[in-house]
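Chain by chain, the residues:
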Amino acid sequence: MKRLGIMFIALLFCAMTATVWAGGSSEASGTTKAAEPFRIAVIMPSATTDTAFSQSMWSALKTVQADMGGESAVELVYTENMFKVPDAAAAIRDYATQGYNLIVAHGSQYGSSVEEIAPDFPDTAFAWGTDVNTFGLDNVYAYTAAAEQGGYVNGVIAGMMTKSGIIGVTGPIDVGDAHTYISGFSQGVALTNPKATVSKTWTGSFSDVALMAAAAQTHISAGADILTGSSQSVVGSIGAAEKAGAVYWFGTQADQTSLSPKLVVASQVYDWVAMLKEIIAATETGVYGGKTYILTLANGGLKIGFNPDFALPADVKAKADEVIKGITSGSITVAP
Amino acid sequence: MNDLFSLTLVTGLLNTMMVLATPFLFAALGETFSQNSGVVNLGVDGIMLLSAFFAFYAVLITGSLILGILAAVITGVVMGLMMSVVSITLKAEQGVSGIGLQMFGLGMSSLLFKVLVGTVKTVSGFPTLSIPLLSRIPILGPILFQHSILVYIAFLLVPLSWWILERSTWGLVIKAVGQNPAAADSRGINVDRVRYLCVILGAVLAGLAGASLSISSLNLFQDNLTSGQGFIAVALVYFGGWSPVGVMWGALLFSMANSFQLWMQVLGVPVPASLANMLPYILTVVALTLSGSRRKTPAALNKPFIRGEA
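Those protein sequences? They're chains A and B, same order as listed. If you count the first sequence from 1, position 139 lands on 138 in numbering that gives the first Met the number 0, and the numbers rise without skipping. If you count the second sequence from 1, position 12 lands on 11 in numbering that gives the first Met the number 0, and the numbers rise without skipping.
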């Protein structure tokens, strides 16, 4: 009996700490105003501070909140580190039950959960990505990023800067925006340096930083002098580049300059702000979904963040600007 | 493709293998002590995470690597004590308390990271320490003697642990407690005290495993930095038949396979990445099946010792 009691306490302890880890944190303040705030909940696969995918959405939501009048106008809550889809689905349903106006399921793995849950809450707007499918539901928005566009720009610069002619790519799994980014990147390299080789490694994990670092180290041993890649575990690759010294890094999803101010050349930055504002405005007029948003260089959803402290040669910068202009105007099209 | 087995490849492959094996070695050697005394500690991953965080945080704040190591060791001692109190003194189910400890480490490290650091930052960790003369030996030099100090320590711990477990009286006592605690008890050995010491030693080594990631090989902290490495370390103890040398071969095989699959991808060997990613796991399972159990499982493994109830 005593053993059973102890086991129960141990289990309770597990459950408590698990909740601390996985549980949501509220950013809403205690101030109450006459008008009800617009309530947004976001579910993310990694941490709000991952300097990649999740952070791109979280900082956009914070910007929207600030622009729309702060915590009294927009209430923000998040649940992070939802690598497990069933947990994420539970969180999505929970937020919907609590009456949030907009629920952002920020991960392409959450699609089937949104498809299943959204019909039960017709007065709640759901947004999910990265994907283009709204499942024919009029309370689901889908969003994605044309990651190949920024990838192309990064590739154009990388092709002009490599001396060894070997460029390494470290990615998690060859799907979604990891795939399109690297596809665009390879095309960009081929434009300015057809002889360069772009070799790719996939670690099979979005979170294994140690393996990502080993992958980057392997590229460097094989002669790579430029690296790029996507997912939250690329901090491992950037660390490996830092150790090697003269290996440059190109980022995607969020501005990664802060991770290595000496080595980061440029980052493709996802900016979800305009999209979020449009969705919120639509929701307030009673339109809860049925539309797909695609971030592009042309609509300002994608931006190229150049590292201001990196001395990019003038001809390279000029070429990059020319390509950005070309993609924006539509004279250059990049296949995803 | 023609340089698949070139010198660059061989040195690169084996050098990466040594780096990847280091956290596994620390953690699995620690777990070897713990399990030889009869306690399965499934909390290794959690201890690694929290120690990795505190080591990183100490270095971030003070810039001192010594304090970083100290922080990892203290975290290991505290978490080892937690595990010991619950599983040895209170006799709780070892598996459950270990998982509890793992979740505690995972949750607490994420929480502290968010509150105290906020975003991914890098620190300058242990530099590469080339051993004079030895590092200039062709081929072997770059593979074995161009690493950070924690890598050397991890590998030096293998013969040391072997000596303690197989050749010293301490080893006899530890194994007596793990094989037949009632007999050990009747010979006047304090079973609980031996287990406490082994679990705490194991936790300290798990702490160093965490530090080897956050302030030696990666020089940063991020949520769930270990990505389950602690569980692989526990598996390596079974793989190695509860012997430090066996554990080392397991760690090397697993890391070598990982290092090899990365090279295959870099060289563009036409094998699907998902298949390459599976290689370390497949190889480990095959090796485990072929080798059989080289040594008997500690008979009292996973059994709390209650005097008079053996």
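Derived by calculation from the structure, the hints in this document are not laboratory data. Mixed in with the good hints there might be a few duds.
To be verified - Simulated crosslink set (EDC-like; lysine to aspartate or glutamate; CA at most 20 Å straight-line):
1. B:K120 <-> A:E115
2. A:K290 <-> A:E114
3. A:K276 <-> A:E115
4. A:K83 <-> A:E115
5. B:K120 <-> A:E74
6. A:K290 <-> A:E74
Tested hints:
{"no.": "1", "hint": "B:K120 <-> A:E115", "verdict": "39 Å, violated"}
{"no.": "2", "hint": "A:K290 <-> A:E114", "verdict": "14 Å, holds"}
{"no.": "3", "hint": "A:K276 <-> A:E115", "verdict": "25 Å, violated"}
{"no.": "4", "hint": "A:K83 <-> A:E115", "verdict": "16 Å, holds"}
{"no.": "5", "hint": "B:K120 <-> A:E74", "verdict": "29 Å, violated"}
{"no.": "6", "hint": "A:K290 <-> A:E74", "verdict": "23 Å, violated"}
The structure does not agree with the numbered hints 1, 3, 5 and 6 stated previously, though it agrees with the rest.
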